[in-house]
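Protein chains: 2
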Amino acid sequence: LRKLAEEQGESIETAARQARYGFFANIAKKRRCKSVFVAHHADDQVETFLWNLFRGAGQSGLAGMSAETEHIVNGVALHMFRPLLGIWRSEIVEYIRVQKLRYREDASNASHDYTRNRIRNALLPEIEALFGGRNVSRSIWRVAEIVRAEDEWLDALTQSESTETLSVPDLRAQPVAQQRRRILKWLRFHGVPEPGFDHIEAVRQLVAHTEPAKVNLPGNWHARRREKKLFLEKPKP
Amino acid sequence: LRKLAEEQGESIETAARQARYGFFANIAKKRRCKSVFVAHHADDQVETFLWNLFRGAGQSGLAGMSAETEHIVNGVALHMFRPLLGIWRSEIVEYIRVQKLRYREDASNASHDYTRNRIRNALLPEIEALFGGRNVSRSIWRVAEIVRAEDEWLDALTQSESTETLSVPDLRAQPVAQQRRRILKWLRFHGVPEPGFDHIEAVRQLVAHTEPAKVNLPGNWHARRREKKLFLEKPKP
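These protein sequence lines map, in sequence, to chains H and W. Residues 59 to 295 (the working numbering) are what the first sequence spells out, left to right. Residues 59 to 295 (the working numbering) are what the second sequence spells out, left to right.
Hints were generated in silico from the structure; no laboratory data involved. For glycine and all other residues, C-beta sits at the position ideal for the given N, C-alpha and C. Some hints could be false.
[Unchecked claim] Simulated DEER-style distance windows between Cβ atoms:
id, chain 1, residue 1, chain 2, residue 2, range
1, H, Val156, W, Arg176, 32 to 40 Å
2, W, Lys88, H, Pro276, 50 to 58 Å
3, H, Glu68, W, Glu126, 52 to 60 Å
4, H, Asp213, W, Leu62, 48 to 56 Å
5, H, Glu65, W, Ala214, 40 to 48 Å
6, W, Ala187, H, Val151, 26 to 34 Å
7, H, Pro233, W, Ala187, 51 to 59 Å
8, W, Asn175, H, Ser148, 28 to 36 Å
9, H, Val156, W, Ala74, 45 to 53 Å
10, H, Arg246, W, Val94, 52 to 60 Å
11, W, Asn274, H, Ser148, 24 to 32 Å
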């Protein structure tokens, strides 16, 4: 994975997800079953939320996992279901005990990333103590669910941005959050690699102010304002 | 404040804010100046975000402070400005030092709530260490800013809900996040006291399912579905 990530200039997390989905896609093709059920639970959702928050997730990055998603992987449309996102790990363990179910512990659970383990075993209990024993995980889960649903709504509201240029007066008339989402979709559509919050804000400077007229973006791209339009300029080959 | 809060059945935070704004309104009237500049800075924003997250802020509760707001207090329209929300405390301290400015330390800063102090002095440094020295505060600030702007957008999209009833088919056709915001505004408009996430979800059950046809709400109110409409029933006097 480390090698794959380096080769493709991606983070290990992204490379891992792609490898995992690729594996699912192969099985799905072989077995002719395109629905995959995964067992992420409420505690996973809470840890993912905190992880994204502390690492500085950008637009949509905070939204966490959805109960249903579709992915096109190696030409296969994978339908992923996560039916346990609202169930706590302790509830699952208790159910297994009462029903006397046999189960397998994924070996990666134990070796699971150090930072995530510390979030679960040290940070969350500490925050709970700080708030007088309040069920802080439940609070965070609720916020994650609200943010997830709002992200879904806003994403549906923002048309895909497949045009060559963006109109500056149009953008200027829209709420800041809408400008951000449109700019992000536009940068992604044109293949600007991993645009972050600071890049989006830099492009927004072109909208909000008369200076500068050009900003630099990742991968040698830049954005320019000319005659009330935003352009992207491709990197030299 | 404690007495005021008890009398009006409110949290101490709410009572404190009302008392503060009331004080501002009196001065504003006396001095004929309706703009108030307050000095909340980026660290305050980050602490407020975490505080709201851990306590389980509901809809909009995560959005934190805005750079500009307007409040009608005791008949006075107060315009509040928070120009320092993007500036870190350390930058302010440094500026004061370089410019040799005189300043006053607010006595409440030292006695400032225990939990907030612990968030600032214990929790944040610990999280930073956990993420290898990454500037976690900056990450959280960025997320808070994204959430704030999206909340503003969504709030503008949700019309005020001043009607007697809500149409079930209309609600059902809308994204979950929109249903939640509309129901919240509707409950608030009719005076249901402090509706929380669980109450909103209970009302959404009336929309999503055929059973139950009635749910209980705070302050002895309840919501009922009848002939494809949601009603609120007032508490008996």
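We went through each hint and held it up to the structure:
no. : hint                             : in the structure
1   : Val156/H to Arg176/W: 32 to 40 Å : 39 Å, holds
2   : Lys88/W to Pro276/H: 50 to 58 Å  : 54 Å, holds
3   : Glu68/H to Glu126/W: 52 to 60 Å  : 40 Å, violated
4   : Asp213/H to Leu62/W: 48 to 56 Å  : 43 Å, violated
5   : Glu65/H to Ala214/W: 40 to 48 Å  : 45 Å, holds
6   : Ala187/W to Val151/H: 26 to 34 Å : 30 Å, holds
7   : Pro233/H to Ala187/W: 51 to 59 Å : 37 Å, violated
8   : Asn175/W to Ser148/H: 28 to 36 Å : 31 Å, holds
9   : Val156/H to Ala74/W: 45 to 53 Å  : 47 Å, holds
10  : Arg246/H to Val94/W: 52 to 60 Å  : 41 Å, violated
11  : Asn274/W to Ser148/H: 24 to 32 Å : 28 Å, holds
Against the hints set out earlier in the document, violations occur for numbers 3, 4, 7 and 10.
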